[in-house]
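There are 2 protein chains.
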Amino acid sequence: MISSTMQRLKEAIVLLFLAICSKAVNSNPYRRPPIIDTEAAGGGAAYCLSWRLAVEANNIRAWRTVPTQCLRYIECYMTWGQYERDLNFIVDNINDYIDEIILKSDDSDAWILDVDDTCISNLLYYKRKRFGCDPFDPMGFKTWASKAECSAVPAVLKLFNKLRAKGFKIFLVTGRDEITLGQATLYNLHNQGFIGYERLILRSEAYRGKSAIIYKSEIRKQLAEEGYKIWGNVGDQWSDIQGEYVGERTFKLPNPMYFVP
Amino acid sequence: MISSTMQRLKEAIVLLFLAICSKAVNSNPYRRPPIIDTEAAGGGAAYCLSWRLAVEANNIRAWRTVPTQCLRYIECYMTWGQYERDLNFIVDNINDYIDEIILKSDDSDAWILDVDDTCISNLLYYKRKRFGCDPFDPMGFKTWASKAECSAVPAVLKLFNKLRAKGFKIFLVTGRDEITLGQATLYNLHNQGFIGYERLILRSEAYRGKSAIIYKSEIRKQLAEEGYKIWGNVGDQWSDIQGEYVGERTFKLPNPMYFVP
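As they're listed, the protein sequences go chains A and B.
With this note's numbering, the residue at position 206 of the first sequence is 206, and numbering never jumps.
Start counting at 1 in the second sequence, then tack on 1000, and there's your number in this note's numbering.
Think of the hints as simulated: they come from the structure by calculation, not from any bench.
Please read all numbers here as calculations on a predicted model, not as lab measurements.
For every residue, glycine included, the Cβ atom is placed at its ideal position computed from N, Cα and C.
Among the hints, erroneous ones may be present.
What the hints assert, rightly or not - The calculated label-pair distances, taken between Cβ atoms and stated as ranges, are: (1) B:GLU1198 to A:GLU248: 20 to 26 Å; (2) A:ASN191 to B:SER1105: 35 to 41 Å; (3) B:GLU1198 to A:ASP99: 31 to 37 Å; (4) A:THR143 to B:ALA1165: 48 to 54 Å; (5) A:GLU218 to B:ILE1101: 45 to 51 Å; (6) A:ALA206 to B:GLU1226: 35 to 41 Å.
As the list claims (entries may be wrong) - So, partial list: chain A residues that the calculated Cβ filter (under 7 Å) puts toward chain B: (7) ALA46; (8) SER50; (9) LEU53; (10) ALA54; (11) ALA57; (12) ARG85; (13) PHE89; (14) GLU198; (15) SER204; (16) GLU205.
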């Protein structure tokens, strides 16, 4: 009972903090963005909650950076527990779906997972990029990814192991460049426990410059032509789960830090 | 400056209240649902926020009722301002998109709006249905809709008028039954200021029993075959904006109270 009350108190404090730290950012005139009227939009945390909802529901597209007034809000969201709760909630729902599936068990049962911020996390990197308030830095990201120091997303690692245990062939499909990041990605996935998947598919030269929707649709089409049935497809970007051959069910994991077209 | 501080204070209180009133529901043993462990899921408001996000991102589907422990949370969300803020935020984004469109101006420029909880609101009805915690009641809803007392969703009425002014042909496409609710719906839309649309399309006998995705895809296909270009498609249900001929851009308005397959 006490731990339950403490839990609720902690939660109330987090929500209050979400409001207060938005205020802190907004009340600094040097940080106030010139275009978006946060007062008209409802101010601070409420505005950022609307923004995050619109991102997750695919209403805002091709956005380049997190609105500066939402820096503290996104920092709180990503690091104070709600991001993890949202992830766990969705993975619980994926588990329910998996439990209902009757596999064909002819080696054709497939599942697709994205890599960045699905299997392994770039949160440490994005902390230094003001949680997405700074624009995308291709060279900086490449340097980071080359280190192979992304940590596993715990909920997705559990999902991965459940999928393996149930008998799915798991395909990891990533927009990372095959030539420059292939080795580091392979190693990073391995050192974080993603072992026993069917295939890691990186972006080959043929797909350079193509949008993720086009590239990933092509990959899924090839898998379908090889005879695989794609039962599920999980990613943190809408471009992971839109386009063609998306799979029987798609699941969008939260990511309020960046947008991949 | 004072009004700005008051606004932030009000916002903090709302967020705190969201946490507290979840606690109130959860601490009542008669209301605690037997299956979902709210503690394990992160408890009260945080859990309900995860649930709402999963609904809006189309991760949870075919859900029948709002989780009972989220009754107060959804009540707060719908009536304390955040729902309205979310709506306004999305409509602002729709307006940005509209401003970029160069119309063909050959009477083919079309836009599709859903009716229930897009153009006109059923919030008053759902208040009596515990904001969706009670299961769908077809007869109760029919009685309500027959009264033609739904009020306009202000942000969408503004959008409607902007679309008209810019020269779009507006098609209102609803799953409401044509025979039993046609007259009331026509009257309700009119008494709320939705005047000057191109066509109101209700569910005719041919589509009875079909899912909204199938029915609405068929309608959009017919419009495309008539030569219309569907620039935008707005609804509060994923089934409004999925399927075929969805349009150049789709927009999902929030609705955490019910799910239409």
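Verification of the supplied hints:
1. B:GLU1198 to A:GLU248: 20 to 26 Å: Roughly 37 Å apart at Cβ, these two residues miss the hinted range, so it is violated.
2. A:ASN191 to B:SER1105: 35 to 41 Å: Since the Cβ atoms of A:ASN191 and B:SER1105 sit about 59 Å apart, the hinted range of 35 to 41 Å is violated.
3. B:GLU1198 to A:ASP99: 31 to 37 Å: Since B:GLU1198 and A:ASP99 have Cβ atoms about 46 Å apart, the given range 31 to 37 Å is violated.
4. A:THR143 to B:ALA1165: 48 to 54 Å: holds (50 Å)
5. A:GLU218 to B:ILE1101: 45 to 51 Å: Once the Cβ atoms are compared, 30 Å apart, the range 45 to 51 Å for B:ILE1101 and A:GLU218 is violated.
6. A:ALA206 to B:GLU1226: 35 to 41 Å: Taking Cβ atoms as reference, A:ALA206 and B:GLU1226 lie about 40 Å apart, which means the hint holds.
7. ALA46: holds (5 Å)
8. SER50: holds (4 Å)
9. LEU53: holds (6 Å)
10. ALA54: holds (6 Å)
11. ALA57: holds (5 Å)
12. ARG85: Since chain B brings a Cβ to about 4 Å from A:ARG85, closer than 7 Å, the hint holds.
13. PHE89: Holds - the Cβ of A:PHE89 comes within 7 Å of chain B, reaching about 4 Å at its closest.
14. GLU198: Nearest chain B Cβ about 24 Å off; hint violated.
15. SER204: For A:SER204, the interface hint is violated, since the closest Cβ of chain B sits about 30 Å away, which is over 7 Å.
16. GLU205: violated (31 Å)
Checked against the numbered hints given earlier, this structure breaks hints 1, 2, 3, 5, 14, 15, 16; the rest are met.
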